[in-house]
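> Protein chains in written order, with the working numbering: chain A, 635 to 993; chain B, 7 to 292.
It should be emphasised that the hints constitute simulated quantities derived from the structure, not laboratory data. Beta carbons are placed, not taken as given, at the ideal position from N, Cα and C, and that holds for glycine.
A few chain B residues facing chain A, derived, Cβ under 10 Å: (1) Arg184; (2) Leu186; (3) Ile187; (4) Glu188; (5) Ala189; (6) Gln191; (7) Ile192; (8) Asp193; (9) Ala195; (10) Ser196; (11) Ser203; (12) Val204; (13) Pro207; (14) Ala210.
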Amino acid sequence: MAEVRYENASRIYPGSEIPAVNELNLDIDDGELLVLVGPSGSGKSTALRMLAGLEFVDQGSVYIGENDVTLSPPQDRDIAMVFQNYALYPSMTVAANMGFALKQQKVPKAERMERVREAARILDLEEYLDRKPKNLSGGQRQRVAMGRAIVRKPQVFLMDEPLSNLDAKLRVQTRTELADLQARLGVTTVYVTHDQVEAMTMGHRVAVLKDGVLQQADRPRTLYSKPVNRFVAGFIGSPAMNLIDTDVTSEGVAIGTLGLTLDPSVSSALTAQDDREVTVGVRPEHLKLSTAGLPGEVTVVEELGSESFVHVTVEHRGEPLVLVVRDAGETTTTRGDIVHVDVAGPTHVFENGGARLGE
Amino acid sequence: MSGGAAAGGVVGKGGPKSFLLGVLAWVVGLVFFFPVFWMVVNGFKTEEEAAADPSLIFDPTMEQYDEVTAETTGLLGFGEAFSNSLWAVAISTFFVMLMAVPAAYALSIRPVAKWRDVLFFFISTKFLPIVAAILPLWIIARDLDLLNTRLLLIVLYTAMNLPLAIWMLRSFFSEVPRELIEAAQIDGASIRGQITSVILPIVAPGLAATALLCVIFAWNEYFLAVQLNNAGGETVPIWVTGNVSTRGNFLAKLSAASTLATLPVVLAGWIAQKRMIRGLAMGAIK
Chain A
635 MAEVRYENAS RIYPGSEIPA VNELNLDIDD GELLVLVGPS GSGKSTALRM LAGLEFVDQG
695 SVYIGENDVT LSPPQDRDIA MVFQNYALYP SMTVAANMGF ALKQQKVPKA ERMERVREAA
755 RILDLEEYLD RKPKNLSGGQ RQRVAMGRAI VRKPQVFLMD EPLSNLDAKL RVQTRTELAD
815 LQARLGVTTV YVTHDQVEAM TMGHRVAVLK DGVLQQADRP RTLYSKPVNR FVAGFIGSPA
875 MNLIDTDVTS EGVAIGTLGL TLDPSVSSAL TAQDDREVTV GVRPEHLKLS TAGLPGEVTV
935 VEELGSESFV HVTVEHRGEP LVLVVRDAGE TTTTRGDIVH VDVAGPTHVF ENGGARLGE
Chain B
7 MSGGAAAGGV VGKGGPKSFL LGVLAWVVGL VFFFPVFWMV VNGFKTEEEA AADPSLIFDP
67 TMEQYDEVTA ETTGLLGFGE AFSNSLWAVA ISTFFVMLMA VPAAYALSIR PVAKWRDVLF
127 FFISTKFLPI VAAILPLWII ARDLDLLNTR LLLIVLYTAM NLPLAIWMLR SFFSEVPREL
187 IEAAQIDGAS IRGQITSVIL PIVAPGLAAT ALLCVIFAWN EYFLAVQLNN AGGETVPIWV
247 TGNVSTRGNF LAKLSAASTL ATLPVVLAGW IAQKRMIRGL AMGAIK
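Produce the entire structure from the sequences given, and follow the hints as far as they go.
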């Protein structure tokens, strides 16, 4: 077990001028589960593969523990990886798949079998040890891929979207099992996903990437409550935060006719910036349907049982604007209703360039 | 024959169109197969019957087989030709595969610089008509004292089949999922371990197909053998033509000899076919 450190690590693919991963600096603690998240093309998989040794590090360094592994081949890094499509060896049984790495390390057969059985017991795979991968279900294959990783007791687990080939229900279940397993084994884990819910639920910390650049690495709650920029604000959270471009006037900022009360730190930052246009962000749960406030017409009601999301078209800067408002599960609001929207929680303000203003 | 089955299968069931296509496929298949069939039949006839009006009604005899396999001092016998061919085919195919596997690896999985040029170079060695190279080959073989030896054919057949084998294996190797090799790397397998434990089991059908083709080409090769090995180290094709005589009928004898020459290839194909089952990579990814 060890910590992992990226130091100004960049990957520039041959024939491309824009780095796929651009000067990444990231410290991952011993035993931590860090999730790399971002849209496709954000460089999250490339960053993981740089740590695995499957991708060349063009600039900067990568450390596992005290060792600079920047130039080490994957074989010498003492890491285990779970691939999106599992990459099980088709000609080998489940037991042979799980024991393959130990065999390469010349671990005696008796000990190998012992460790494979132990991992199989943890993952509930004991009865499948003699099967070939093609005779397993998707969920079982996923567990074999996990087993292949945990059998080795490596320094670091690398997981590249390991759940994305499972159906929705199994994915949620496996997500919890995986987080639990990681906590029990206490192995430093780097986990790549494009699913921000997966990132938020599993990660001790979540690192958000966009266009190869690290945007923010924080605990999920901080990421949610204090996004450092407009991109993170919009990417984290489902449904997404309402982001409204608006002008700064002498009274502050407003959505339509609804004036917003701002945190003093934001107000002073606004004055200091002298930025005439900003983006205001409000999460759906920080808006409410009320008797007073900004009037608008309901266009869509999404009822999820425990809560509903009401899409209200309001007027802002003389143009229609859709705000998503969270309402109670047993909402009586229906399409076509005229309602009023009011702010009932913290708001976020981002300057023109996207950076967060104030605290 | 396989053409008939494939055409029928693609068209699907029902419809006069598919029926007609099926009939057509069978007709084409039978037209292709008939000469082989007739060769086998003629081998069991007497020379008189074979030379007479074509007929399927006759009294089958092994007479021709006894005669063509009979050993006569001073003449090339079936046993000797067979053993020469077997050596040349088996050893050349072994060396071809031994060299083609690493070459294909270096051209697909971990491509060397300029791999396209390398690949083109390999196939370009097949551009020259072999007849244009026969004189230099003969001179070199003579100077090296290799004329009329098995070793000469082993070397030539290896060189002849290697480019083809590399091209074929390369395309099979390219289909190995990249993640599997990466998984093996991360699991700590050396390059040799990656090839033997992970890649080769997946490309086994491709290996079988490639080896089969090498065997067929080497077994059937006639031109080099007849030019360079006409006084020793002769192969089966040379022996077959030895049954052509300038006097009297020889059609039945030639048919029997040709049938014997065909059998090993058919056998090799049948063995290789068992290995050529699809879906060996199933379950590897997703």
